[in-house]
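**Q** Here is how the chains run, residue by residue.
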Amino acid sequence: MEKQSVEQLQKVCTQLRRDVLRMVHAVQSGHPGAPLGCAEFFVALYFDQMTHNPDFQMDGKGEDLFFLSNGHLSAGWYSVLARSGYFPVEELVTFRKLNSRLQGHPATHEHLPGIRIASGSLGQGLSVALGVAQAKKLNNDDKLVYVLMGDGELQEGQVWEAAMYGAHYGVDNIIATVDYNGQQIDGPTEKVMDLKNLKAKWEAFGWEVIETKKGNDMQSVIEGLEKAKSLTGKGKPVLNLLYTEMGYGVDFMVGTHKWHGSPPNDEQLADALSQLPETLGDY
Amino acid sequence: MDLDLKYNYTEKKDTRSGFGDGFLEAGRKNPNVVGLCADLIGSLKMGAFQKEFPERFFQTGISEANMIGLSAGLTIGDKIPFAGTFANFATGRVYDQIRQSVAYSNKNVKICASHAGLTLGEDGATHQILEDLGMMKMLPHMTVINPCDYNQTKAATLAIAEYEGPVYLRFGRPSWPIFTPADQKFEIGKAWKMIDGTDVTIFATGHLVWEAVVAEAILRKEGISAEVINIHTIKPLDEEAILDSVAKTGCAVSAEEHQINGGLGDSVAQTLIRHNPAPLEYVGVNDSFGESGTPTELLEKYGLNAANIVAAAKKALARK
Numbered sequence: 001m002e003k004q005s006v007e008q009l010q011k012v013c014t015q016l017r018r019d020v021l022r023m024v025h026a027v028q029s030g031h032p033g034a035p036l037g038c039a040e041f042f043v044a045l046y047f048d049q050m051t052h053n054p055d056f057q058m059d060g061k062g063e064d065l066f067f068l069s070n071g072h073l074s075a076g077w078y079s080v081l082a083r084s085g086y087f088p089v090e091e092l093v094t095f096r097k098l099n100s101r102l103q104g105h106p107a108t109h110e111h112l113p114g115i116r117i118a119s120g121s122l123g124q125g126l127s128v129a130l131g132v133a134q135a136k137k138l139n140n141d142d143k144l145v146y147v148l149m150g151d152g153e154l155q156e157g158q159v160w161e162a163a164m165y166g167a168h169y170g171v172d173n174i175i176a177t178v179d180y181n182g183q184q185i186d187g188p189t190e191k192v193m194d195l196k197n198l199k200a201k202w203e204a205f206g207w208e209v210i211e212t213k214k215g216n217d218m219q220s221v222i223e224g225l226e227k228a229k230s231l232t233g234k235g236k237p238v239l240n241l242l243y244t245e246m247g248y249g250v251d252f253m254v255g256t257h258k259w260h261g262s263p264p265n266d267e268q269l270a271d272a273l274s275q276l277p278e279t280l281g282d283y
Numbered sequence: 001m002d003l004d005l006k007y008n009y010t011e012k013k014d015t016r017s018g019f020g021d022g023f024l025e026a027g028r029k030n031p032n033v034v035g036l037c038a039d040l041i042g043s044l045k046m047g048a049f050q051k052e053f054p055e056r057f058f059q060t061g062i063s064e065a066n067m068i069g070l071s072a073g074l075t076i077g078d079k080i081p082f083a084g085t086f087a088n089f090a091t092g093r094v095y096d097q098i099r100q101s102v103a104y105s106n107k108n109v110k111i112c113a114s115h116a117g118l119t120l121g122e123d124g125a126t127h128q129i130l131e132d133l134g135m136m137k138m139l140p141h142m143t144v145i146n147p148c149d150y151n152q153t154k155a156a157t158l159a160i161a162e163y164e165g166p167v168y169l170r171f172g173r174p175s176w177p178i179f180t181p182a183d184q185k186f187e188i189g190k191a192w193k194m195i196d197g198t199d200v201t202i203f204a205t206g207h208l209v210w211e212a213v214v215a216e217a218i219l220r221k222e223g224i225s226a227e228v229i230n231i232h233t234i235k236p237l238d239e240e241a242i243l244d245s246v247a248k249t250g251c252a253v254s255a256e257e258h259q260i261n262g263g264l265g266d267s268v269a270q271t272l273i274r275h276n277p278a279p280l281e282y283v284g285v286n287d288s289f290g291e292s293g294t295p296t297e298l299l300e301k302y303g304l305n306a307a308n309i310v311a312a313a314k315k316a317l318a319r320k
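Going line by line, the protein sequences match chains A and B. Residue 163 in the working numbering sits at position 163 of the first sequence; the count goes up by one each step and never skips. Residue 309 in the working numbering sits at position 309 of the second sequence; the count goes up by one each step and never skips.
Hints in this document: simulated from the structure, not taken from any laboratory. This one's a predicted model, so the numbers in the text were calculated from it and none came from an experiment. C-beta atoms are modelled at their ideal positions from N, C-alpha and C, and glycine is treated no differently. Take these hints with a grain of salt, some might be off.
[Said to hold, decoys possible] What follows is a list of derived Cβ distance ranges for each label pair:
| no. | chain 1 | residue 1 | chain 2 | residue 2 | range |
| --- | --- | --- | --- | --- | --- |
| 1 | B | Ala247 | A | Val192 | 57 to 63 Å |
| 2 | B | Asn30 | A | Ala204 | 35 to 41 Å |
| 3 | A | Met58 | B | Glu55 | 32 to 38 Å |
| 4 | A | Asn139 | B | Gly189 | 30 to 36 Å |
| 5 | A | Leu98 | B | Ser175 | 53 to 59 Å |
| 6 | A | Glu190 | B | Ile273 | 54 to 60 Å |
| 7 | B | Ala182 | A | Val192 | 56 to 62 Å |
| 8 | B | Asn30 | A | Gly261 | 32 to 38 Å |
| 9 | A | Val192 | B | Gly189 | 45 to 51 Å |
| 10 | B | Asp123 | A | Gly233 | 40 to 46 Å |
So that you can see chain B by itself, here it is in the shape it has in the complex (with noise of 0.2 Å):
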């Protein structure tokens, strides 16, 4: 299909990548900036830190638990550790450390969670966690971050490194387009507005931004005007920008690699069922474990790319 997109790219990365090679540079910046990973150093591009700075870089081995716990015990001597491994074991095999060392005590540490959600592909449903955003968006004090490409998670690791509080930054590990600017300003609990429209508002996080993007050319082809929402940032929530947005469009699509439960469609309902309440589709897992396939496969299967998304939002403007 012919499309006319309002974003474009000319090379594809993996948002891992991003966050390794901002993590680098926030560790140049920063002295405090330290680093640990349970035995997936490779996997989360963490050896470029580690090579520079080897006494600022913790290889803890398989122990997840362990590392969490270093980790707030280091940001009490001023170190801002940033603790990576699989989105899967960073969340759900260590949630009691997280909610009780580090978001009830309120500690600087950076929870850096790779190979969320479908796109991890041929490993399969184990290591396909689509319930990481719910576990942590539901933590006091945790801010939740997930950005959609390369270039979003580069400058997303370097805005945490500035940030004060427990975060947790969530990122993958497939191929994706690099549609978003190299010199753009993340702030965090801003949403991003990147395209106009009238008729329904597409709000997405992480990969499936990408999808919005091509489903609103789609979208466009067919007469239907839609606006796309980055929300990079899944708590704080924009309730500005989702409220605005809507006012204007009086629709809205959710879409996310993630369960429909407990995911970002769950607070824009909850946002809008509180001040406007508008029709909202959900575009993500419903209810279920994923499987291996190839990210293309995997996204088309459970419903969750560009047509999936053009689909969702016919279906919420009928509702108007």
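Isolated chain A (complex conformation) (with noise of 0.2 Å):
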């Protein structure tokens, strides 16, 4: 793919989002919010940073592989791969809905290129993401391993067994992302289950860490990504806290957890809409 400039990425970041939005409305069902928010994490991975081949295959032996461990992300996850070519952007229609590939959450047995493990029950992502850099390892492949995790997610005991585990085995080619929101269903990660210093956390569990204070800004994005590869290949882990805000790019739903897995009525929508214009065509 040809490099893009910044302006052009930012306007695959708008289509995401209409893409995003259209496809919670059409069924009534789904989570906007955090997948607005990671738009420009997204399409920094897919359209600028990871060497990867939308002629999919399983092993994706010799390309940098991205897994979403926070499985309800789904909708901007499928818009950022049909937007990339791995399947046709008119099949977003087919979201939730009934003989679709495009499941509630990602699966593998529809075989949607570009899923390769299920996701959705929270806090298995980091595990299965270090296990496929240990695969990469044995198979002399230098090519990296990006995984998602939201924030919330992070309350999940399994998270720190596999954080523990990376950094023990100094597995050096995975850029762990975390959306660092600050909102989970039930409300601020603050009151619901308080994550304290995260940076500490990490630092303390071993791992090379480092912070994008503006998540939703693609030159951000794609500089903090950058500095993450800088520091792959050195002999720990690398944790990218990612800071953005939830419902990113629609005035009326950012920065609340309200929008987490709320679809937008059809005024919403419309109100929505006229905030991000049509950039690429919509399916």
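Build the complex from these two chains, which are given one at a time in their own frames, with help from the hints.
**A** Okay, here's the thing in structure tokens:
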């Protein structure tokens, strides 16, 4: 894929946000908030950072691979996969419908290109990604493994089992990103179950930690991922704390947990879409 | 009691050693075979593999959930992970991880579960899982195997390395008679008729296959002809073997070191009730937890030994 300018990438983000809102609205179910907040991250990975092949191979040998641990961001992932050529953009219309490859949460049994493991039940993706990274080392494959987790997801104990493992084995070909939006279904993370000092936690577990303070600014997200990449191969796993705003891009959705798992109605959709111009053509 | 056994043994060994030896051999045959263990390498007999292939072995520490996720990830790079821990921690503790990352995602992970059932012995009920076969057989895509002795466990371990798909392999701790041949071919999903009979069929799995062999000799002495079928693969179940045998004998006993609820017996019952309803008696643990004791004492107290199989066979016969 040709390198695109930040302005071009920003346009892809706008379209991704439109896709997410239209998909969730059409079936009146799904999770719009977090994928709106992670649009820059998804687009930076698939359109700028990763070496990857939309002619999908499950083993992903010789490619950078991405895993979505917080599977409820599926609408955003499906959009970026379709927009980068993994499957026809028109298929987004089947999201969450019967007989679709676009399951509510990502699944492999429908053989949707780009999906290598099911996710949805939280806390499992970091372990999986570490296993993939270990396999890459065994296969002398120097490409990287990326994984995205939610910040609320870090309340799952398995994440910290995996964190310990990654540092113990010096799995330095992985970049784990935390969507640090401070929100979860029942409210702000600090009220539901305070994560306290995440940077210190990951550092104490033996990870190299970088902070991307402006997670909804394309230039910053790219710079953060470049920095993370520069820290790989040095004996430590890398964690990218990505500060985002849930619901970013739509004025009445931003910064609240209320749109974590609620679809917009007709009027709200129209309002939201009016704030996000169609850039690449709707599906 | 002087019994004329159809199968005999000269040596006893634990089935976990059959796993360990099979695992090492599988590793020598295929460089993609890798191992993981959650701080029980000695108990699982995985040490020889680890020593020979240190770069292909991952000690995960006491973190079974992470171990299952790692295993699923390793398959994506074409590795064949054998993940070992006690059956209790390999199933109930990580059911959701197995369900999503292994079974639903249809990954080529081999879950290797030792110290299953009452014969774990003195450690007691916290470790004596009696629900694992049920949990695992309910999962779509999952193959469930429970071999009967050292030789069969070794053969099964080699067979699952060649098979593509998620597998639950169950074995145990105690020293147990080695009564099946070393050179046996292990066919996943194919029941093994070990003894021909005409009056009653005994479907047994795991350690209780030996008890079934002993029970057959006792029954024969009393003039009852029992057929013994070794169901080493609980899923996929060899329904044809079950139906063929019961068509001849007209009644059956199931024998397993597991809860009656959800175990092999329930699978046999489902098969019979759909195709050929016939009396079936269960030998298994009846809705209770185990306790500390020796394997022999426990099998006796919980009604799982040869004498219990004999009694169940007579009961089934009487219901014909």
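**Q** Can you tell me whether the CB distance of A:Glu190 to B:Ile273 sits inside 54 to 60 Å?
**A** 56 Å, holds
**Q** Is the hinted range of 57 to 63 Å satisfied by the C-beta distance from B:Ala247 to A:Val192?
**A** 60 Å, holds
**Q** That 30 to 36 Å hint for A:Asn139 and B:Gly189 (C-beta), does it hold up?
**A** Roughly 31 Å apart at Cβ, these two residues keep to the hinted range, so it holds.
**Q** Is 35 to 41 Å right for how far apart the beta carbons of B:Asn30 and A:Ala204 are?
**A** 39 Å, holds
**Q** Given the range 56 to 62 Å, decide if the beta-carbon distance of B:Ala182 to A:Val192 lies inside it.
**A** 58 Å, holds
**Q** Does the Cβ distance between A:Val192 and B:Gly189 fall inside 45 to 51 Å?
**A** Given a distance of about 47 Å, which is inside 45 to 51 Å, the answer is holds.
**Q** If you check the beta carbons of A:Met58 and B:Glu55, does the distance land in 32 to 38 Å?
**A** 24 Å Cβ-Cβ, so the 32 to 38 Å window is violated.
**Q** Take a look at whether the Cβ-Cβ distance between A:Leu98 and B:Ser175 falls inside 53 to 59 Å.
**A** 54 Å, holds
**Q** Assuming the hint says 32 to 38 Å, is it satisfied by the Cβ distance from B:Asn30 to A:Gly261 or not?
**A** Cβ of B:Asn30 to Cβ of A:Gly261: about 44 Å, so the range 32 to 38 Å is violated.
**Q** Determine whether the Cβ-Cβ distance between B:Asp123 and A:Gly233 falls within the hinted range of 40 to 46 Å.
**A** 44 Å, holds
Checked against the numbered hints above, the structure breaks hints 3 and 8 and satisfies the rest.
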